[in-house]
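Novice: Given next are the chains, with one letter for each unit.
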Amino acid sequence: MFDFLSKYDVLGAFWVTVQLTLYAALGSLIWGTILAGFRVSPVPLLRAFGTAYINIVRNTPLTLIIVGTLLGLSQTLGVTMGTNVLDSQNFRLATLGLIAYTSTFVCESIRSGINTVPVGQAEAARALGLGFGQVLGVIVLPQAFRSVIAPLASVLIALTKNTTVASAIGVAEASFVMNNMIENESDKLFLVFGVVALGFVVLTLPTGLILGWVAKKVAVKR
Amino acid sequence: MTEANTESNSAAPMIRMQAVNKHFGPLHVLKDIELEVPRGQVVIVLGPSGSGKSTLCRSINRLETIDSGVIEVDGKALPAEGKALARLRADVGMVFQQFNLFAHKSIVDNVLLAPVKVRKVSQSEARKTAMELLERVGIANQADKYPAQLSGGQQQRAAIARALAMRPKVMLFDEPTSALDPEMVQEVLDVMTSLAKEGMTMLVVTHEMGFARRAADRVIFMSDGEIVEDSTPDEFFTAPKSGRAKDFLAKILTH
Ligand SMILES: Nc1ncnc2c1ncn2[C@@H]1O[C@H](COP(=O)(O)OP(=O)(O)O)[C@@H](O)[C@H]1O
Ligand SMILES: [Mg+2]
Chain A
1 MFDFLSKYDV
11 LGAFWVTVQL
21 TLYAALGSLI
31 WGTILAGFRV
41 SPVPLLRAFG
51 TAYINIVRNT
61 PLTLIIVGTL
71 LGLSQTLGVT
81 MGTNVLDSQN
91 FRLATLGLIA
101 YTSTFVCESI
111 RSGINTVPVG
121 QAEAARALGL
131 GFGQVLGVIV
141 LPQAFRSVIA
151 PLASVLIALT
161 KNTTVASAIG
171 VAEASFVMNN
181 MIENESDKLF
191 LVFGVVALGF
201 VVLTLPTGLI
211 LGWVAKKVAV
221 KR
Chain B
1 MTEANTESNS
11 AAPMIRMQAV
21 NKHFGPLHVL
31 KDIELEVPRG
41 QVVIVLGPSG
51 SGKSTLCRSI
61 NRLETIDSGV
71 IEVDGKALPA
81 EGKALARLRA
91 DVGMVFQQFN
101 LFAHKSIVDN
111 VLLAPVKVRK
121 VSQSEARKTA
131 MELLERVGIA
141 NQADKYPAQL
151 SGGQQQRAAI
161 ARALAMRPKV
171 MLFDEPTSAL
181 DPEMVQEVLD
191 VMTSLAKEGM
201 TMLVVTHEMG
211 FARRAADRVI
221 FMSDGEIVED
231 STPDEFFTAP
241 KSGRAKDFLA
251 KILTH
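In the order they appear, the protein sequences are chains A and B. According to the UniProt record's numbering, the first sequence holds residues 1 to 222 in order. According to the UniProt record's numbering, the second sequence holds residues 1 to 255 in order.
Calculated from the structure, these hints are not laboratory results. Do not rely on the hints blindly, as some may be mistaken.
As the list claims (entries may be wrong) - Straight-line C-alpha distance at most 20 Å; calculated SDA-like pairs for lysine to any residue:
#: 1; chain 1: A; residue 1: Lys-216; chain 2: B; residue 2: Lys-117
#: 2; chain 1: B; residue 1: Lys-105; chain 2: A; residue 2: Ala-122
#: 3; chain 1: B; residue 1: Lys-105; chain 2: A; residue 2: Pro-142
#: 4; chain 1: A; residue 1: Lys-188; chain 2: A; residue 2: Gly-170
#: 5; chain 1: A; residue 1: Lys-217; chain 2: B; residue 2: Lys-117
#: 6; chain 1: B; residue 1: Lys-145; chain 2: A; residue 2: Val-220
#: 7; chain 1: A; residue 1: Lys-161; chain 2: A; residue 2: Gln-19
#: 8; chain 1: A; residue 1: Lys-221; chain 2: B; residue 2: Lys-117
#: 9; chain 1: B; residue 1: Lys-117; chain 2: A; residue 2: Phe-132
#: 10; chain 1: B; residue 1: Lys-145; chain 2: A; residue 2: Val-218
#: 11; chain 1: B; residue 1: Lys-105; chain 2: A; residue 2: Gly-120
#: 12; chain 1: B; residue 1: Lys-105; chain 2: A; residue 2: Val-119
#: 13; chain 1: A; residue 1: Lys-217; chain 2: B; residue 2: Lys-83
#: 14; chain 1: B; residue 1: Lys-83; chain 2: A; residue 2: Pro-42
#: 15; chain 1: B; residue 1: Lys-105; chain 2: B; residue 2: Leu-88
What the hints assert, rightly or not - Take a look, some chain A residues computed to stay more than 10 Å from chain B by CB distance:
#: 16; residue: Gln-121
#: 17; residue: Glu-123
#: 18; residue: Val-138
Unchecked claim - From the derived model, a few chain A residues whose C-beta atoms are all more than 10 Å from chain B:
#: 19; residue: Asp-3
#: 20; residue: Asn-180
#: 21; residue: Ser-186
For every residue, glycine included, the Cβ atom is placed at its ideal position computed from N, Cα and C.
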């Protein structure tokens, strides 16, 4: 019954999904944290940039952003992302698009985490002579991160599923292979769906469970 | 352990506030405040709730900005937000009503954090000093616990140790015992009393009469954003001049 699977590189496609997820997760964690820093910074210009970025990018459909990286960045502006091999070129563009988009959700999660840190924590740090960067980096963000691990897990799960949009620019991740299979094996439609859906559950379920456990473990006691 | 900071401007008062005004929206919370605190003096600030005591205290290290007037610490005017202000704050210790210990750091890490991050003292040296300070406030055996595991009195003593670790020139206390269960008030006051005896310049917002009589050189009474009386503890408690101070004393002494 599952014979047809051997004709397709299903595992390889899921490996692409995992890679997209991991690179985009790392990138959006970093960029999202920086954006959160902008949004709480005392510098009005940075705050304005942060707010504008979030409101524009978060409200743009992901497909548009990812296709936009290909059409806008690569084909119009000629940004080549270090290689000319088309496959990995589009993989990188998709990663970039996912980072740009997912970082807005990371930023807003972290910002809500920052709001759970009592203002007295930052005041005590300032009163001791710590600068803005130190107050944020040593006192506020470490506490904020601990309180947003659970929401960040949801962002990560959403990101894992959002990687399917990369197929829009030809990245051969799981849903790309799924579309191929559906075309060629139309009699096994439900089976194909089932296999791919199961693959995503296998990827995302542990994420939720493990990070949920970590969230409890590191929670700050007040 | 708390010897005064090296570069001090010994002619100037430790704290000088001149014609200081501050509003919160329409509310005038500091009205033409004039105050000089000479080095080594212990000043108690008293007054009804909402009279501006916290705002006065917090304006001295610029946790609150002021609308007009001059505030100088050790002869230097408060700089605007930035590196210079951070440097000044490092020299001004502050103890809060709610302790505000860093919840994600152990007690000893709370105490050594600022010396390491701000004064660039080595980790090992900072730890040694931190342990000495914790010893001195009587909680060395709690060093590796987290703030939430300590009693309020222990947390506040840790917060005092954390401030002292920066070797401040002056210490500000904003109702340091108001959030404590009654049986823990004395242990914190004892630490403060010994600090006062060692010659630390202190500005203390508190309603603890015993401490005021024992440790204070001077009492400031505030009401509606104004300094209404400025006298010795004896004078203030036995013969307050203004009606507002008499009312206030009548209220807190009957409790
Ligand atoms: N951040 C703030 N915003 C608006 N009003 C404030 C703020 N902080 C204090 N106030 C008001 O300023 C007045 C003085 O407050 P405060 O200095 O805390 O008084 P005290 O410490 O003597 O009780 C009060 O009426 C208080 O409600
Ligand atoms: Mg107050």
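Novice: Would you list, in rising numerical order, the hints stated earlier that this structure does not obey?
Specialist: 1, 4, 5, 8, 13, 15, 16, 17, 18
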